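Engineer: 5 is the number of the first residue of the sequence shown in the working numbering; add one for each residue after it.
It should be emphasised that the hints constitute simulated quantities derived from the structure, not laboratory data.
A quick note: this is a predicted structure, and the numbers were derived from the prediction, not measured.
Even for Gly, the Cβ is constructed at its ideal location relative to N, Cα and C.
A hint or two may mislead.
[To be verified] If you anchor each label on the Cβ, the simulated ranges turn out as follows: (1) Gly28 <-> Gln98: 31 to 37 angstroms; (2) Asp74 <-> Glu113: 39 to 45 angstroms; (3) His128 <-> Ser19: 26 to 32 angstroms; (4) Asp162 <-> Thr201: 23 to 29 angstroms; (5) Gln98 <-> Phe26: 22 to 28 angstroms; (6) Arg158 <-> Ser34: 30 to 36 angstroms; (7) Asp151 <-> Met5: 16 to 22 angstroms.
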Amino acid sequence: MRAAIINYGAGNLHSIAKAVEFNGFETSISPDISLALNSDVVILPGVGAFGLASEALASGMKILRSALSDGFPCVTICLGMQLLFESSEEGEGQGIGFLQGRVRRLESERAPQIGWNAVKPEKHANGIFDGFDLAYYANTYVCEPLDESVVIARTEYDGESFPAAIRNLNTIGVQFHPEKSSRSGVELLGRLLREVTR
Numbered sequence: 005m006r007a008a009i010i011n012y013g014a015g016n017l018h019s020i021a022k023a024v025e026f027n028g029f030e031t032s033i034s035p036d037i038s039l040a041l042n043s044d045v046v047i048l049p050g051v052g053a054f055g056l057a058s059e060a061l062a063s064g065m066k067i068l069r070s071a072l073s074d075g076f077p078c079v080t081i082c083l084g085m086q087l088l089f090e091s092s093e094e095g096e097g098q099g100i101g102f103l104q105g106r107v108r109r110l111e112s113e114r115a116p117q118i119g120w121n122a123v124k125p126e127k128h129a130n131g132i133f134d135g136f137d138l139a140y141y142a143n144t145y146v147c148e149p150l151d152e153s154v155v156i157a158r159t160e161y162d163g164e165s166f167p168a169a170i171r172n173l174n175t176i177g178v179q180f181h182p183e184k185s186s187r188s189g190v191e192l193l194g195r196l197l198r199e200v201t202r
């Protein structure tokens with residue numbers, strides 16, 4: 005199976021590639037969305053700012069939105085998950101718009117959230133997160149989907165609950181960093197990739 009990591013100028017590509025390869029996938033890294041869609045699954049990584057990422061992805065957003073809407077397999081991480089939505093308080097620019105809703109800042113004065121926190125699956129997560137309960141987060145912004153049924157896991161920080169993971173068609177997004185969440189996180193990333201491509 006071939007996994008293409010979309011390079012839109014965000015960091016952490018090497019760590020994600022290593023985690024994906026650990027799970028038996030061949031990897032490629034490319035800024036070209038059309039080229040990435042020649043793979044079996046695309047990965048939208050996450051470290052960076054919404055506005056800059058939106059600008060870098062602008063020329064391929066329509067192509068990517070159409071592919072995801074047609075069921076093309078995709079896994080998104082942190083900022084990558086936020087880019088699935090329409091807009092963000094973090095900066096100007098449009099998201100991919102695959103999901104209706106917005107991205108907003110955490111209400112806590114202790115933002116960003118950096119470190120380990122729980123992942124609490126919803127019943128309709130269908131066992132995807134079995135055996136995985138702690139993840140590494142590094143986020144100041146969180147997703148607010150218009151349709152709450154896309155949320156398959158939640159987390160709480162400073163008394164505030166927000167989506168830890170979403171799913172729509174063959175796209176799964178996680179707010180945390182599985183590639184930084186020890187061995188169990190790396191294994192979860194493989195499970196997510198297999199889930200969207202099966």
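Engineer: Return the numbers of the hints above that this structure violates; sort them in rising order.
Structural biologist: 4, 5 and 7
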